[in-house]
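Following the hints, position chain B against chain A.
Here the protein sequences come in this chain order: A and B. Per the numbering used here, the first sequence starts with residue 17, numbered consecutively. Per the numbering used here, the second sequence starts with residue 17, numbered consecutively.
All the pointers check out, no bait thrown in.
Pairs count within a copy or across copies, as identical chains cannot be separated in the list.
Capping the alpha-carbon separation at 25 Å, the derived lysine-lysine pairs in BS3-like fashion look like this: (1) K422 - K123; (2) K422 - K223; (3) K253 - K433; (4) K433 - K422; (5) K123 - K26.
In case anyone wonders, no lab produced these hints; they're calculated from the structure. Source: prediction; values computed, not measured.
There are 2 protein chains.
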Amino acid sequence: MMNEIGKCAKIASRRLARANTDQKNQVLTMIADELIAQRELILRENVKDVEAATEAGLAPALIDRLTLNPSRLNGVAADVRRVASLPDPVGEQFDHATLSNGLKLHKQRVPLGVLGVIYESRPNVTIDVTALAIKTGNVAILRGGSETLNTNRALINVVHRALETNQLPVNAIQFVDDSDRARVTELLALHDYVDVIIPRGGAALHKFCRENSRITVITGGIGICHLFVDESADLEKAIEVIHNAKTQRPSVCNALDVVLVHRAVAAEFLPRVVARLAADGVTFRAEPRALSNIQPLTSNIQLASETDFDTEWLSLVLSLKVVDDLDEAMDHIAQHSTAHSDGILTRDTDQANRFIAEVDSAAVYVNASTRFTDGGEFGLGAEVAVSTQRLHARGPMGLRELTTYKWVGVGDYLIRK
Amino acid sequence: MMNEIGKCAKIASRRLARANTDQKNQVLTMIADELIAQRELILRENVKDVEAATEAGLAPALIDRLTLNPSRLNGVAADVRRVASLPDPVGEQFDHATLSNGLKLHKQRVPLGVLGVIYESRPNVTIDVTALAIKTGNVAILRGGSETLNTNRALINVVHRALETNQLPVNAIQFVDDSDRARVTELLALHDYVDVIIPRGGAALHKFCRENSRITVITGGIGICHLFVDESADLEKAIEVIHNAKTQRPSVCNALDVVLVHRAVAAEFLPRVVARLAADGVTFRAEPRALSNIQPLTSNIQLASETDFDTEWLSLVLSLKVVDDLDEAMDHIAQHSTAHSDGILTRDTDQANRFIAEVDSAAVYVNASTRFTDGGEFGLGAEVAVSTQRLHARGPMGLRELTTYKWVGVGDYLIRK
Numbered sequence: 017m018m019n020e021i022g023k024c025a026k027i028a029s030r031r032l033a034r035a036n037t038d039q040k041n042q043v044l045t046m047i048a049d050e051l052i053a054q055r056e057l058i059l060r061e062n063v064k065d066v067e068a069a070t071e072a073g074l075a076p077a078l079i080d081r082l083t084l085n086p087s088r089l090n091g092v093a094a095d096v097r098r099v100a101s102l103p104d105p106v107g108e109q110f111d112h113a114t115l116s117n118g119l120k121l122h123k124q125r126v127p128l129g130v131l132g133v134i135y136e137s138r139p140n141v142t143i144d145v146t147a148l149a150i151k152t153g154n155v156a157i158l159r160g161g162s163e164t165l166n167t168n169r170a171l172i173n174v175v176h177r178a179l180e181t182n183q184l185p186v187n188a189i190q191f192v193d194d195s196d197r198a199r200v201t202e203l204l205a206l207h208d209y210v211d212v213i214i215p216r217g218g219a220a221l222h223k224f225c226r227e228n229s230r231i232t233v234i235t236g237g238i239g240i241c242h243l244f245v246d247e248s249a250d251l252e253k254a255i256e257v258i259h260n261a262k263t264q265r266p267s268v269c270n271a272l273d274v275v276l277v278h279r280a281v282a283a284e285f286l287p288r289v290v291a292r293l294a295a296d297g298v299t300f301r302a303e304p305r306a307l308s309n310i311q312p313l314t315s316n317i318q319l320a321s322e323t324d325f326d327t328e329w330l331s332l333v334l335s336l337k338v339v340d341d342l343d344e345a346m347d348h349i350a351q352h353s354t355a356h357s358d359g360i361l362t363r364d365t366d367q368a369n370r371f372i373a374e375v376d377s378a379a380v381y382v383n384a385s386t387r388f389t390d391g392g393e394f395g396l397g398a399e400v401a402v403s404t405q406r407l408h409a410r411g412p413m414g415l416r417e418l419t420t421y422k423w424v425g426v427g428d429y430l431i432r433k
Numbered sequence: 017m018m019n020e021i022g023k024c025a026k027i028a029s030r031r032l033a034r035a036n037t038d039q040k041n042q043v044l045t046m047i048a049d050e051l052i053a054q055r056e057l058i059l060r061e062n063v064k065d066v067e068a069a070t071e072a073g074l075a076p077a078l079i080d081r082l083t084l085n086p087s088r089l090n091g092v093a094a095d096v097r098r099v100a101s102l103p104d105p106v107g108e109q110f111d112h113a114t115l116s117n118g119l120k121l122h123k124q125r126v127p128l129g130v131l132g133v134i135y136e137s138r139p140n141v142t143i144d145v146t147a148l149a150i151k152t153g154n155v156a157i158l159r160g161g162s163e164t165l166n167t168n169r170a171l172i173n174v175v176h177r178a179l180e181t182n183q184l185p186v187n188a189i190q191f192v193d194d195s196d197r198a199r200v201t202e203l204l205a206l207h208d209y210v211d212v213i214i215p216r217g218g219a220a221l222h223k224f225c226r227e228n229s230r231i232t233v234i235t236g237g238i239g240i241c242h243l244f245v246d247e248s249a250d251l252e253k254a255i256e257v258i259h260n261a262k263t264q265r266p267s268v269c270n271a272l273d274v275v276l277v278h279r280a281v282a283a284e285f286l287p288r289v290v291a292r293l294a295a296d297g298v299t300f301r302a303e304p305r306a307l308s309n310i311q312p313l314t315s316n317i318q319l320a321s322e323t324d325f326d327t328e329w330l331s332l333v334l335s336l337k338v339v340d341d342l343d344e345a346m347d348h349i350a351q352h353s354t355a356h357s358d359g360i361l362t363r364d365t366d367q368a369n370r371f372i373a374e375v376d377s378a379a380v381y382v383n384a385s386t387r388f389t390d391g392g393e394f395g396l397g398a399e400v401a402v403s404t405q406r407l408h409a410r411g412p413m414g415l416r417e418l419t420t421y422k423w424v425g426v427g428d429y430l431i432r433k
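Only chain A is shown next, with the shape it has when bound in the complex (with noise of 0.2 Å):
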């Protein structure tokens, strides 16, 4: 089933990589349209998701992920118009060059090809996905998670009728209706016809493709995220960054999990920022030196196991060191750190030069909150994936990173000497 499903999409990718903008654009405001349009069946096939889950025992944040209403579907409508909108990456021009050979030499951007994509409960992946994979010219094989089955037969119908009306191949986005784990497995052995795969979920799934395919997976989505509070760092201004990285959405991968504090301020520092983020719910975990500067010491103050610097908490929770310099701090980020989103706050210029020259994450801040790391935030306009891989795009992935090149050279019945 998997290898047929896996030739379909090869076929349709040839088809669809030609397709024009408003080709695209117009399967794209269909799917938004129709999505307004069906919305009671779309729901009605959700309430049978919903009940089966709750019948099943699910935890209520899942089942809630997985639920849809008027007002959510109208969102991801609203998602897909968004994309519709952005500038279509596929067949921009650049590096132009005429060589002195007398090559005309150019890149053309091209889709990446065929996506594989892993998700898990929420219904609104396959859609986002969907608007993405069609804008940026890429056929995708979803495999959805098995408790959304009902919903996602529902979305996936209206996607293809929106191909369909549009002269396009309806295996351009094929959906794998088959909720057997043995499929996920099955997909990440197609190397002979996917071209990337990625996993959008937790730091389990992403280990799983990863040790069970030849095909480059998009890692990312994974943070340990750090600020280091320097000597002259502006305290009071330090303490608002912090408490915007850690609580302003403690739950994804850009939230703050480690506050590293220069020993010259944190007799002074730790005490003001446990005080303003406890206001908030937060509980703590300090290394010794970190511990003995926060007084008085409450039930939510704990001493850091070995393990609690390299957590990324997902939670209210934050981590406190407390390091003799700059190089110290750094140390532990080379060390601890997922390479997702890693900053310093300070006053000092050359302080600030060598935290950005010498971290490598795929995000580096000087003051300012590791929450930006983000395809909306940093202007992409949409985001497939943050990656915390090194090849190919690293950080918030947009339209662009689910393209490639192919080089194009124009010559005068040209030969090489």
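Quick look at chain B alone, frame taken from chain A:
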């Protein structure tokens, strides 16, 4: 052993990434100087390898590839000086923007990290890769062929002395001094330390790497290359382009393998192109329709077998096929090309533009020889590999393609709203 090498590479990587351009160029200059100064010693060690290979009965072509002489060593040293003279991509800043959220954002080029390079007999690869790696701030783990062990030891000594003299870690370039093939498999398993695997060798080596590693493998260097002679082509000039693409250096990946001829010009064109190339020793594999156009038939013209259109010849053999039109030509290319280098010979701009838009190979040509797909010819100054994969880089990979980027965001204690 390999795990230790991986750890040491990761540590050296942080240090080498911070080396400035002057420091890196000084290392390269010293390597070039010492290759000349130590010439006698290096050639003496090389003689040992050549003698052992002769005794072991290795093929003359293989022995030639591993043989150094004063002129070849001069060439290797000159290549190192040329890499030193190229601009350093590391630290380059691009895509500057000040966003509406207040963040000043740009991208900054950084080394890929740790390269794992697996190659065969040619000792010049040891120095080539070393020069490219050091220039781009990348650390490398080199696994050369067992038949070149003595030569490689002498070369690596030169490299290590140059690193040490210039206060850079000798572990920046580590050589796996053990010809047990198990070390290759262990290198491929170092996904915690190695960022990319670069195989330098034939299709079998590439396949082995891809099948035995979770690390991204730069696949490339396999080219089944096509030229399509359209009905509007200038036939006289087309013959010369085909002659160049096939005969100028038949043993390399960008040499021509297949000529597709529009049926409207097949009768006129095929006898002429066959006569011209046969005079230089080319033999032909023609499908029936092509064959019917070639008169008189000689012993150098065979009926093409089923696999002849899926074969990279690497020698003076050329496959010939007549097609009905551009669509059939592009269908054939889509099915049989390795997406390395494919071109059209035509006077019709519309046909040329369709070919450019719809043929998705790393390099697509109009009225030019496929032999141009090369880092030097493309003006990159150096070449690590010619990628036929889709992610990260396609076609000739120069210094820039050995780097990635990080995002740098600067604010004034900026928080996300």
